[in-house]
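Visitor: Spelled out, the chains give:
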Amino acid sequence: MLHALILPLFRLPLAGLAGITLESIAVPVGATAVLALVFGTGLALAAKFFQVPGNEKQAAVRDLLPGANCGACGYAGCDSYAEAVANGEAIPSLCTVGGQATTSALSALMGVEAVAAVPRTAWVMCNGKRTGPNAHTSPRARYVGLETCAAASLVFSGDGSCTFGCVGLGDCIRACPYDAIDLVDGIAVIRPEKCRECELCVAACPKKIIYMIPRDGAIHRVQCRNPSAALDTRKVCSVGCIGCGRCTKVCPSGAIRVEGALASINQSVCTHCGACFDVCPTRAITRAAEPPVIPPAMPS
Amino acid sequence: MRTMLIILFSAILVDNFVLSRFLGICPFLGVSKSLKTAMGMGFAVLFVLVLAAAITWPINRYLLEGFGIEFLRTLVFILVIAALVQLVETILKKMLPPLYKALGIYLPLITTNCAVLGLTILNIDNGYDFVQSLVNGAGVGLGFMLALFLFSGVRSRVDRADVPAFLKGLPITLVAASLVSLSFFGFKGLIERLFG
Chain A
1 MLHALILPLF RLPLAGLAGI TLESIAVPVG ATAVLALVFG TGLALAAKFF
51 QVPGNEKQAA VRDLLPGANC GACGYAGCDS YAEAVANGEA IPSLCTVGGQ
101 ATTSALSALM GVEAVAAVPR TAWVMCNGKR TGPNAHTSPR ARYVGLETCA
151 AASLVFSGDG SCTFGCVGLG DCIRACPYDA IDLVDGIAVI RPEKCRECEL
201 CVAACPKKII YMIPRDGAIH RVQCRNPSAA LDTRKVCSVG CIGCGRCTKV
251 CPSGAIRVEG ALASINQSVC THCGACFDVC PTRAITRAAE PPVIPPAMPS
Chain B
301 MRTMLIILFS AILVDNFVLS RFLGICPFLG VSKSLKTAMG MGFAVLFVLV
351 LAAAITWPIN RYLLEGFGIE FLRTLVFILV IAALVQLVET ILKKMLPPLY
401 KALGIYLPLI TTNCAVLGLT ILNIDNGYDF VQSLVNGAGV GLGFMLALFL
451 FSGVRSRVDR ADVPAFLKGL PITLVAASLV SLSFFGFKGL IERLFG
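Protein chains in written order, with this note's numbering: chain A, 1 to 300; chain B, 301 to 496.
If a hint is listed, it holds; no wrong ones were tucked in.
Covered stretches of chain A (in silico footprint by chain B; criterion: 3 or more residues with CB under 8 angstroms from a CB of chain B, positions within the stretch not fixed): (1) 26 to 34; (2) 41 to 52.
Okay, the calculated beta carbon distance ranges per label pair: (3) 21/A with 449/B: 51 to 57 angstroms; (4) 38/A with 489/B: 41 to 47 angstroms; (5) 378/B with 45/A: 17 to 23 angstroms.
Hints are computed from structural coordinates only; laboratory data are not their basis. Virtual Cβ for every residue (Gly too), placed ideally from N, Cα, C.
Put together the whole structure using the sequences plus the hints.
Guide: Okay, structure coming up:
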């Protein structure tokens with residue numbers, strides 16, 4: 001009775017759609033839904049029937065992982081990484097997809113101290129442009145010889161008036177396998193997006209002014225390694241750190257220290273507030289343009 | 301019986317899915333680095349292929365054709381394959397943990413192996429009956445294993461060769477794959493000679 005009432009209803013053409021009836025939609029949808037239901041039930045039963053009594057801790061670790069199965073941790077998938085972590089064979093900070101959130105959750109679960117895995121970049125801690133219309137510093141002599149920073153540094157600490165700054169002959173550029181360093185206005189400038197943290201440039205620089213700093217976020221850095229007294233620094237470079245200490249006074253987190261007449265920022269304490277950047281009289285403190293990148297928390 | 305043999309041999313040699321039809325290239329290039337994983341992958345794919353052929357044939361015949369909704373074939377077949385791979389994974393985990401571990405991420409990736417979908421759809425397009433579909437599935441699986449087996453050997457030779465810098469890695473792998481594929485064209489006409 002009901003059947004006889006409902007079926008004709010299905011055959012009614014839908015308004016405005018020639019040739020399309022409710023039946024032509026309901027049958028495919030129904031068939032697919034039934035198939036999906038059958039397969040779903042089958043899989044659920046199979047999972048129950050073939051259940052492997054697993055390590056409880058491993059299951060807990062697995063729940064905290066993002067489940068991307070990308071293999072970036074070096075294991076075949078999230079399951080094998082979870083097993084390695086649960087057995088204490090792997091450290092909890094290898095998951096790059098889950099990032100900091102996953103690392104701290106795993107560390108808490110395993111009862112070990114969280115290890116931060118912050119992406120870094122090399123950075124030349126000298127901003128004293130040697131050439132161009134807006135040069136900050138100038139050569140005090142003309143160097144003629146082997147065109148490498150290492151050779152030039154051996155002759156009276158290089159030809160620049162600042163003996164602590166970038167020599168600008170590109171030893172780091174030749175050392176970089178990723179083409180991440182350019183010579184801009186006579187000094188080396190690193191492009192963080194191309195840096196792969198190999199630290200070959202750090203080793204190649206004879207002035208030891210290339211440092212590894214965090215890559216993402218509004219990173220502030222004292223881009224000067226000249227520890228000379230204020231007057232001496234000022235004489236040789238217009239963007240050198242003069243050690244005035246104004247940054248240490250405004251820094252709310254106590255991340256900046258002045259040694260000699262040179263400030264430096266402790267990147268693990270810095271909160272990117274930018275107070276030091278605003279007060280620095282010589283613009284020795286520079287910052288990366290982009291806002292801080294906070295690692296997204298992945299749902300487990 | 302003769303038809304079965306023709307289907308089997310043409311699936312393995314003449315119409316080899318990887319080397320002649322260019323289906324399933326992704327695992328072919330991805331898992332052929334070592335012989336051990338290549339064979340593990342080959343067996344897993346063979347298993348899934350035969351099962352997929354066995355399940356999709358009645359579904360196509362009684363459900364899709366029965367209700368006149370053949371246009372859902374691709375969607376429904378993918379659903380079947382995905383469920384099947386999940387089932388294989390669950391069973392392997394319980395029964396053969398070492399193989400499960402060795403296959404790792406490549407096991408769930410069988411879902412997106414187009415050789416499986418290709419087989420199920422070609423079975424229907426060629427008008428095979430149930431048993432012929434199963435035989436074709438086994439043939440395609442064996443052909444896939446053969447291709448992986450041969451190519452893992454080729455790759456181990458390429459790894460030791462002095463390859464020009466601009467060809468290192470994937471480029472020389474693709475060149476080698478095309479040469480292996482070319483060699484399989486030698487089997488054209490084999491069936492006619494054998495069974496003709």
